[in-house]
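There are 2 protein chains.
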Amino acid sequence: MERKLILITNDDGVQAQGINELSRLMLTLGDVIVVAPDSARSGAAAAITCTQAVTLRHRVDLEQDHLTVYACSGTPVDCVKLALEQVCPRRPDLLVSGINHGDNASCSIHYSGTMGAVFEGCMKGVPSVGYSLRTLSHHCDFSPYAADIVRIADFVLQQGLPQDVCLNVNFPEVARLAGMRVCRMGRGRWVQEWISANNPRGMNAFWLTGRFLNQEPHNEDTDYWALDHGYGSITPIKLDMTDYESLPLLAPLNF
Amino acid sequence: MERKLILITNDDGVQAQGINELSRLMLTLGDVIVVAPDSARSGAAAAITCTQAVTLRHRVDLEQDHLTVYACSGTPVDCVKLALEQVCPRRPDLLVSGINHGDNASCSIHYSGTMGAVFEGCMKGVPSVGYSLRTLSHHCDFSPYAADIVRIADFVLQQGLPQDVCLNVNFPEVARLAGMRVCRMGRGRWVQEWISANNPRGMNAFWLTGRFLNQEPHNEDTDYWALDHGYGSITPIKLDMTDYESLPLLAPLNF
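For the protein sequence lines, the chains are V and E, in the order given.
Residues in the first sequence are numbered consecutively from 1, following my numbering.
Residues in the second sequence are numbered consecutively from 1001, following my numbering.
Hints in this document: simulated from the structure, not taken from any laboratory.
A couple of the hints might just be wrong.
To be verified - Some, not all, of what chain E presents toward chain V, calculated at C-beta under 7 Å: (1) 1029; (2) 1046; (3) 1049; (4) 1110; (5) 1140; (6) 1234; (7) 1250; (8) 1255.
What the hints assert, rightly or not - Covered stretches of chain E, as calculated for chain V (at least 3 residues, CB under 8 Å): (9) 1009 to 1015; (10) 1077 to 1089; (11) 1176 to 1182; (12) 1192 to 1203; (13) 1237 to 1243.
Don't be surprised by glycine CBs; every beta carbon is placed ideally from N, CA and C.
Generate the whole structure from the sequences, applying the supplied hints.
Written as structure tokens, this is what we have:
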């Protein structure tokens, strides 16, 4: 039987600890091709590079048996687009993105380069999973999550995912997970997001920061609740963003 | 009665023709504050700026009665975050983004800076609408769409929108619209996306391009069908990307 082919990307860059850990784990399931940004692209969402050429550099120094590595000057979505059209010898059996340093639960999914790459893989018909860890550290102990990361990837390799549906997996930073919960995306948003940056030329300049406001902290079926209570979260995400319930409300706008 | 306050942004930059046209139209409905990128940010999606300070510059040269204008060094989402927290004297009654030069129908919504800004406004509780025109030109005749742009904005000002739901409005480039259709987001994706860029140093370099593949060209209830047949499209979009139908399928992953 042909070995599985697994494409890996992230938004923290090809040298981040998270993607190296993810590569190590995926090598237990098949051949791995990494195409990842050449440096950090945090908060890249599903951005694409329209105004400059994107370069792709073979990183033989990072390779090993069954592992091929490329660094790309573009965004995480660019990486997936390039990988699928210019790098992979055939359509991968699985795309995994991460392990992101920082969670992508609740509304953070909208800003996430990790998940932007996952949407892209999903759109192109590749079963796709994003993994993120709620941590501020660049050096983490990923061992509490290793078994679940492999178990979820293996499930998706065996069962596939529904058309245009991908997975957003998040972990809390704990020594031992309370468990894994399949759950929905919680409602929340970031508040108090800017601090003024001193600037020698007197310009108005600001750094993005912020505090997450959970808008439904008591609902136990959300990703954010799971993370807050020591569980990993697994959320199915669909590409179709239509709000079907609102279609009748808007009927007066047909003209 | 207090005048309505309308926040405007875009991803083509503060000097694009589309945002100036949109400002002109919105001034018929209330006071306008523009906070837009200082140059083009096409394909920025909901990206945020994490690694540098963002500057905000007052553009008094572009102002007129009831119109305040700022240029921002960040992404469209940064513009909305800065506008709401640092610029607007109160929560705006409406956010409009665009008019984008290029449509954001079907899967293109995921890459769209125009719509990234709309998601952000929606997340912050401001009724939010994105407008896009299917054109490759930087100089367009927006007059066929003016009445519908105002009519939709006025509807949203009067009726509001459901919580966490925003609108994606797209127009075809026509002398006269066949009409406006409230419709869902169609299935599609971009293919043949890269052309090789000659490079003097022998690097692998590529330009992003591509051809849109409509995966359901015969379904008349999609945004893409509307545009292909001379109609404008109005699609309600929700921030909650959970695929509720898949939750039971994933139950084996609870652990």
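A quick look at each hint next to the structure:
At a threshold of 7 Å, the smallest CB-CB gap from residue 1029 of chain E to chain V is about 16 Å, leaving the interface hint violated. At about 4 Å, the closest approach between the beta carbon of residue 1046 of chain E and any beta carbon in chain V falls short of 7 Å, and the interface hint on this residue holds. At about 6 Å, the closest approach between the beta carbon of residue 1049 of chain E and any beta carbon in chain V falls short of 7 Å, and the interface hint on this residue holds. Contact between residue 1110 of chain E and chain V, as hinted, is supported at the beta carbon level, the nearest pair being about 5 Å apart and thus within 7 Å.
Because the smallest distance between the Cβ of residue 1140 of chain E and any Cβ of chain V comes to about 18 Å, over 7 Å, the interface hint for this residue is violated. Of the supplied interface hints, the one on residue 1234 of chain E holds, with its beta-carbon coming within about 5 Å of a beta-carbon of chain V, less than 7 Å. Because the closest C-beta pair between residue 1250 of chain E and chain V is about 4 Å apart, less than 7 Å, the hint holds. Of the supplied interface hints, the one on residue 1255 of chain E holds, with its beta-carbon coming within about 4 Å of a beta-carbon of chain V, less than 7 Å.
With a cut-off of 8 Å between beta carbons, the stretch 1009 to 1015 of chain E has 0 residues touching chain V; three or more are needed, and the interface restraint is violated. Counting residues of the stretch 1077 to 1089 of chain E whose beta carbon lies closer than 8 Å to any beta carbon of chain V gives 6, which reaches the threshold of three, so the coverage claim holds. Proximity of the stretch 1176 to 1182 of chain E to chain V, defined as three or more residues with a beta carbon under 8 Å from a beta carbon of that chain, is established by the 4 residues found. Residues of the stretch 1192 to 1203 of chain E with a Cβ under 8 Å from some Cβ of chain V number 6, which satisfies the need for three, so the listed coverage holds.
Coverage of the stretch 1237 to 1243 of chain E by chain V holds [criterion: at least 3 residues with CB-CB distance below 8 Å; count 7].
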